[in-house]
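Trainee: Now for the letters of each chain:
6 protein chains.
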Amino acid sequence: MAGLKYMSGFGNEFANEDPRCPGSLPEGQNNPQVCPYGLYAEQLSGSAFTCPRSTNKRSWLYRILPSVRHKPFTPMSCGDLTENWNEVEPDPNQLRWKPFIIPKSSENKVDFISGLHTVCGAGDSKSRNGIAIHMYTCNTSMTDKCFQNADGDFLIVPQQGEILITTEFGKMMVEPNEICVIQQGMRFSVDVFGETRGYILEVFGAHFELPDLGPIGANGLANPRDFQTPVAWYEDRTVATGYTVVNKYQGKLFSCQQDFSPFNVVAWHGNYTPYKYNLENFMAINCVAFDHADPSIFTVLTAKSTRPAELFRCVLYELAGDPQHTCAQDLCLLLCHHS
Amino acid sequence: MAGLKYMSGFGNEFANEDPRCPGSLPEGQNNPQVCPYGLYAEQLSGSAFTCPRSTNKRSWLYRILPSVRHKPFTPMSCGDLTENWNEVEPDPNQLRWKPFIIPKSSENKVDFISGLHTVCGAGDSKSRNGIAIHMYTCNTSMTDKCFQNADGDFLIVPQQGEILITTEFGKMMVEPNEICVIQQGMRFSVDVFGETRGYILEVFGAHFELPDLGPIGANGLANPRDFQTPVAWYEDRTVATGYTVVNKYQGKLFSCQQDFSPFNVVAWHGNYTPYKYNLENFMAINCVAFDHADPSIFTVLTAKSTRPAELFRCVLYELAGDPQHTCAQDLCLLLCHHS
Amino acid sequence: MAGLKYMSGFGNEFANEDPRCPGSLPEGQNNPQVCPYGLYAEQLSGSAFTCPRSTNKRSWLYRILPSVRHKPFTPMSCGDLTENWNEVEPDPNQLRWKPFIIPKSSENKVDFISGLHTVCGAGDSKSRNGIAIHMYTCNTSMTDKCFQNADGDFLIVPQQGEILITTEFGKMMVEPNEICVIQQGMRFSVDVFGETRGYILEVFGAHFELPDLGPIGANGLANPRDFQTPVAWYEDRTVATGYTVVNKYQGKLFSCQQDFSPFNVVAWHGNYTPYKYNLENFMAINCVAFDHADPSIFTVLTAKSTRPAELFRCVLYELAGDPQHTCAQDLCLLLCHHS
Amino acid sequence: MAGLKYMSGFGNEFANEDPRCPGSLPEGQNNPQVCPYGLYAEQLSGSAFTCPRSTNKRSWLYRILPSVRHKPFTPMSCGDLTENWNEVEPDPNQLRWKPFIIPKSSENKVDFISGLHTVCGAGDSKSRNGIAIHMYTCNTSMTDKCFQNADGDFLIVPQQGEILITTEFGKMMVEPNEICVIQQGMRFSVDVFGETRGYILEVFGAHFELPDLGPIGANGLANPRDFQTPVAWYEDRTVATGYTVVNKYQGKLFSCQQDFSPFNVVAWHGNYTPYKYNLENFMAINCVAFDHADPSIFTVLTAKSTRPAELFRCVLYELAGDPQHTCAQDLCLLLCHHS
Amino acid sequence: MAGLKYMSGFGNEFANEDPRCPGSLPEGQNNPQVCPYGLYAEQLSGSAFTCPRSTNKRSWLYRILPSVRHKPFTPMSCGDLTENWNEVEPDPNQLRWKPFIIPKSSENKVDFISGLHTVCGAGDSKSRNGIAIHMYTCNTSMTDKCFQNADGDFLIVPQQGEILITTEFGKMMVEPNEICVIQQGMRFSVDVFGETRGYILEVFGAHFELPDLGPIGANGLANPRDFQTPVAWYEDRTVATGYTVVNKYQGKLFSCQQDFSPFNVVAWHGNYTPYKYNLENFMAINCVAFDHADPSIFTVLTAKSTRPAELFRCVLYELAGDPQHTCAQDLCLLLCHHS
Amino acid sequence: MAGLKYMSGFGNEFANEDPRCPGSLPEGQNNPQVCPYGLYAEQLSGSAFTCPRSTNKRSWLYRILPSVRHKPFTPMSCGDLTENWNEVEPDPNQLRWKPFIIPKSSENKVDFISGLHTVCGAGDSKSRNGIAIHMYTCNTSMTDKCFQNADGDFLIVPQQGEILITTEFGKMMVEPNEICVIQQGMRFSVDVFGETRGYILEVFGAHFELPDLGPIGANGLANPRDFQTPVAWYEDRTVATGYTVVNKYQGKLFSCQQDFSPFNVVAWHGNYTPYKYNLENFMAINCVAFDHADPSIFTVLTAKSTRPAELFRCVLYELAGDPQHTCAQDLCLLLCHHS
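Residue numbers (this note's numbering), protein chains in the order written: chain A, 21 to 359; chain B, 21 to 359; chain C, 21 to 359; chain D, 21 to 359; chain E, 21 to 359; chain F, 21 to 359.
Any given hint could be a false lead.
Because identical chains share one entry, a pair is satisfied inside a single copy or across any pair of copies.
Unchecked claim - Using 16 Å as the maximum straight-line C-alpha spacing, the simulated EDC-like pairs for lysine to aspartate or glutamate come out as follows:
(1) K77 <-> E47
(2) K191 <-> E62
(3) K146 <-> E109
(4) K146 <-> E255
(5) K124 <-> E109
(6) K165 <-> D211
(7) K165 <-> D279
(8) K324 <-> E127
(9) K324 <-> D164
Quick caveat, the hints were computed from the structure, so don't treat them as lab data. Small disclaimer: the values here were computed from a predicted structure and weren't measured.
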């Protein structure tokens, strides 16, 4: 998988097609009456249609079969996932969890979905405001199964073990010290290569963006060109035994069956995509004479709440204090929602 | 009722009086120590006092008896009305309801209030954010009874049967292919003329407004002069048997008795009023060469959420797919909250 | 002229027609292929087409002959009008002018146009930012002549003698202690009834609006319903000897001839109109215990500069100090541009 | 306590030290490696680090022992405190409570914490939006005990009996007709001098600010220089028997023990402080000719909600109608959250 | 030149290098101490360093020799170029120019620079606000000569004859019915292929952007992916006879000499680039039932003035009325500054 | 003068009085009918009355004689001061001036006013937008003479020789490596102690403010508490031979005579004051791993233009390249207007 290609730039209007189908991307219009290769045109919206340009997000996907061709969704077990914060009593003390144990694959096959554990959160998907922190611990790749989050965006921070993420937009390999973002409504499947663990920051009702830099100027912190988006890749694969789509919707899990792989997007264009970033490229800034800056100086990405407030102070202390992690990486994760 | 008169314009500062009482509208001030005809001056606020001009809404009503002269409210049955969305399990599938059955008046006398059914919603009146979708099905006029919604604004879309709405501001006849808006706190009574059915979109914490048009320019979509507001009309009527006021408050119904008709406003002025609009006047805009525009191009009115987001995608699909309705009308209704 | 009628409300979407031509206002659309009575439809824009609703200004006029049917404009003498402020040396002293002398009509016939004198100003019409203060002194009505200001809006403050203003939108009688506004591009003619004098505040690139009231609340200062707009009135009059249109354009005067009266608008609708206001209706607010408020508390109308600044302090002192005028009226005038 | 000193100004960047320790405030930097007198430097944040200047709030405290040196918090009884509004059925009637009875100290020793009663509210601390209204009734000073509200800011309005408030920033004596504000996270202890009662307005997710004045101008209502902030005062006191810190966190109470007084801040600087205001200094503004202004004209402080709405109308009526209180004072309190 | 390649997308963060120098674009940082191939790193700023992300524009260029290595600039003749609008008397009449005559190359060799004629304008480069309209008529390519506009951006609209534009960022071929934009400070050279003519819209102090679409939604008018940016191309060429750089600075022309081609940028990345657009791709929107929309509905690009105003009405009439041009293309040009 | 006292904090609401007159500052109101000690109350406005709180600037001064008690202003020579930029031809080359020569006091007595030389600028005081750069070179203190700039604010950067500035608000000693700001309309007098030279940055229509810090957080760059404002100081001095007030007004100088010292302010309060800052306290921030940040990272103060643009690039190069100055100090000065 060393040969995976990416396109650079944050929030770009990308346009690309799988090289196996030259001309599959329609030119000069989005929705021709007949698409090249007989593909189906679908718009995936990441914002209200009427948002201003700078926050308007959508992509057009040209696929072999339409995404709605599946059987009805039925509820399934949510495992350790939740967004009902009232289940837990509040606790003002600084907490410290032991590292989450990764189950042995010899004992228990656990994939990315069944290995999700909610740690904490605030707000919920219905009110379109808030965040949740999850862990994932797994030892097995997802087979003929994909995941789709109808509730919000996932910022994934691998802590142990690289993960290969196949999405409707193409494939990404994400290693520890990299982060990636899968936005609301994008289907993806995760392959792992051993015992694997990481964090997930889920945001409801907002997308991640690069912070305004103010006096720092036109360059600095996470530079936009260091973000990487996958290139179009498809498989035209029938799955007679049934392909499972798992949908997180209003904090609960549902699944449905279809008889083909959802990764059948031959070409796509737009500015609503998954992407990854390598923390090594972070152009660190700090005080050079005396004192030290507030930890917001390590912001990689931010997702704006409706009111600028310090919602998550306890979370910050807890994870930063966990000796199992490198501190810099955690701060990057945890500060992203800090206004 | 063909002779009903209306004043044209959206959001105008109207000033008018029932012609039976010339001079009943005080000139040059709002709150004289003694009003003409001994009327009582009342301000009905539609916004915080301190809102900027463009969102500041209030009207002054000059009435025969003050609106607070009633006995205490007591709870009553809410029937099929609710704003507790947790009662229903979430369901990510596209839904389709059968048309709501209108009860036969020979079997069961149902008026506008008792015929209200909540379909779905998000948010609530207490947090001042969100919407609810209701249906109304009825066969009988409201007699010596009025309704008042303390929770939000009603956008009413008749689907079968015209309705005659008497309000504190005057009378409106609303037919299918028209819509009307009764804003928070305005008392009204509904007369029907047979089996009657329609939608209601209720918004909490926001008022409907005309969308900014951007490149469309100074004219287009719903033009402001095609909105119609009733003219002042009053009745000075004692109701010895008791006049019932029904109040929707925090999602529940309450009722109280008084011994006179609340439609005793002789004159009024202000910019906070009920109004109606005929969809035939919609100046439709769309692509003229290739592709087609997003459905937001059919926006008649909009009510801004605190964050621009696609809260109601499932609702859109569901109603648009119902073969019982003309599609254009439904879209107008459903897009109004898309921001 | 006591019988002149007005419509009430500031910034309303008005719609009206001269009662001599019922049905002359097209319904449900702005620009029919054939207008009633064979009238010509013209849009008069008061803002860029793309302004947001709250600042988008335009009216549709339905007239007997199109406004462009005139001979070319030629330069004429500007008299005492100017917008070249560099002609005068700056002077930091507080100034006080003697009252401007009104010429005797027995000696010299002077109408509104020839009686215009520029007092001071800043900015200019080309940069679309700034103001000018003019005086008018006249003794004769304008005959077969109208004025049109392509540079900005006129706020007119009669100080001696009422004036009858005929506009494309109808007629207004304006007396001392009243003010009126004729916005950019609106043609008007002034009749006087003796020796007449007053101030004009001209603003470039902005329109007058009612100030936001902040803690004062939903009522106070100049209430919107006390502003009065004329009703449609037309004359279908041929002027064989030539009707003169005078145009102020980039600070200079031009004139052209046409063979009919420009006041031939039979019906109109829109929110871009002339209007007047009686200062007696001002709902004055001030300190009631100790100290006194800044003079901005007397603001009637405001026209926003691109930066909130005290551009006109010297002007304020000068006119307020003139013992010939009532102070309250002057302050109202002079504070309108204070932002 | 007549000798207490205060610094004047609202929102100032104050810098001061207890005169018993000259030089204890570090100069030219916030966080030296070794502070004067061996003090510990702590930053107390009142906003997200990244807020714009006008809303960025924080103070630096230099103290004898760090604030985190305490034993774990454990839950304690909340008494009559709550933020679960669903416990009470909604009631649209105007309510009127009897005055809250102050217990006799001969019967029952009640201090400020145990005398807190929640009256009503909306929103909650977790969503960072909303308010609560509490009463306090007490007869005993807090001994070796302090309170800290992690949920929001307290605006305290004494109604009977003055209170001496010791805070980490210094001491304030607050009497009836004065109000004071203790912001989120500031520890304080209350001494009383007899039977004592008052209101508390708690706001979640926002801080109090002075309202913009609009046309009122640069002076008026509550003038900024009349707000008073205490001067640095410390005690270096060991409490062998244990000093109790009570923490309100997500609407519930928790307590912990430490062996020293938390009022050990020798010097501090910053713009996040407690403060008080005497209502006698309110520069009242109102109509001087006819009508009267909306009650927002009595606004002392305001705390912005995310949407400008009239959340608390019923509250306004209820307290204003209570004959036990002076009306002016109640209005000041209740209007502060009105936009 | 049919083989020219472009990258798609408006405002993207592009990153590319001439394929003849693989690895010439530094990875993971902007300004290494030693660049690959010994190139010089230069940042070209298109905005203040401190602009928010959505308006922050800059590119990093990696070139063989630094751009400042040239002899001093000396004034040269400005020909028919000007930005002193006071030279011409104002004229309120609608004007119509005859088409500009293209000189015959057999009589007079005229290149792009010497063929520039200013038509009209407002504002100027020093105040960083306003526009100018120029024509270019030429018959000869620029040889060893480039142009650089320090005053503003050029939107070029070829009307007769395609033009090959070599820039520091690469090469673009622009034909009639295409438009292109060369932003402030970018050096370029124009090759022509016969008699050539076109318009130029110059804007001062603002960059062109895509308009917000409002109710039109997420697609429509000029779609972002149809904008094309050249790919990196360089020449390492010594010009012993001298290469001339012409600089437009504060409305006047200056020239200097250097001994190498300025098109020596081997690799570049950033979001500040030249680009072109084919008007055939414009997704036209208009009324589909009655009336017609304001001409702003044809907006391709917009450059915001500090105040939204109709600065350029006369210009609009004049060019639109010229029978030599296709109307649609002119409107696209002329509406771009309409706010 | 080592004993001068200052109050700390940027933009504070200060309140203070000369200790020789205890009680001279009125309490609880601004404008008593009779002030303590018979002083005259004057409000000095630094903004429009109606600005929002965060930009509303004014101070109240209590003085022995009113400031308007002077004879008329008469024009005087402007020396090398100008704001007419058209006098100089534009020049795109990078410029470098030789250091300005300070005249010998033995040859020519030159004080601060007569030693002012304009270097360059853009915009002007009349349009309330733009800046000017001046130098001052002097060898003699101002005797019985003060200066007042009606055009804008002076940011003064001493380069050689400390200066003692007496203002209406008190006295400041400013040394090289310090900067100070004297805002519009504040009278001041400058004492020197030998050959003295420095820069002045004058801004029109805006005041200096601290930049928003974005991700840098709540501390950093110039911390607000390190700004110092003088304490009230007055002299009650009659000057029989005449005290000269020099006024810069619309770019020209005027002078008038009065018979007393203008530094007769016994007490004052407000947020519109002179202040100084020591550059040693600048908490420098920069890249700590690779690359370096844009020079905006050295911003001390900023004065916002109406459009964020790089107006002054040439100025930046020129002064930064002057080997006579320390680079850091110049950058601080020159970047302050960079958006």
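Trainee: Work down the list of hints and note, for each, if the structure agrees.
Mentor: Now for the hints, and whether the structure bears them out:
1. K77 <-> E47: neither (20 Å within a copy, 28 Å between copies)
2. K191 <-> E62: Result: close neither inside a copy nor across copies, 20 Å intra and 34 Å inter.
3. K146 <-> E109: Classified as between; 13 Å across copies, 22 Å inside a copy.
4. K146 <-> E255: neither (34 Å within a copy, 45 Å between copies)
5. K124 <-> E109: Classified as neither: same-chain Cα gap 32 Å, cross-chain 35 Å, threshold 16 Å.
6. K165 <-> D211: within (11 Å within a copy, 56 Å between copies)
7. K165 <-> D279: The answer is within: 11 Å in one copy meets 16 Å, while 57 Å across copies does not.
8. K324 <-> E127: neither (42 Å within a copy, 53 Å between copies)
9. K324 <-> D164: neither (35 Å within a copy, 41 Å between copies)
Going down the numbered hints, you'll see the structure goes against 1, 2, 4, 5, 8, 9, while the others check out.
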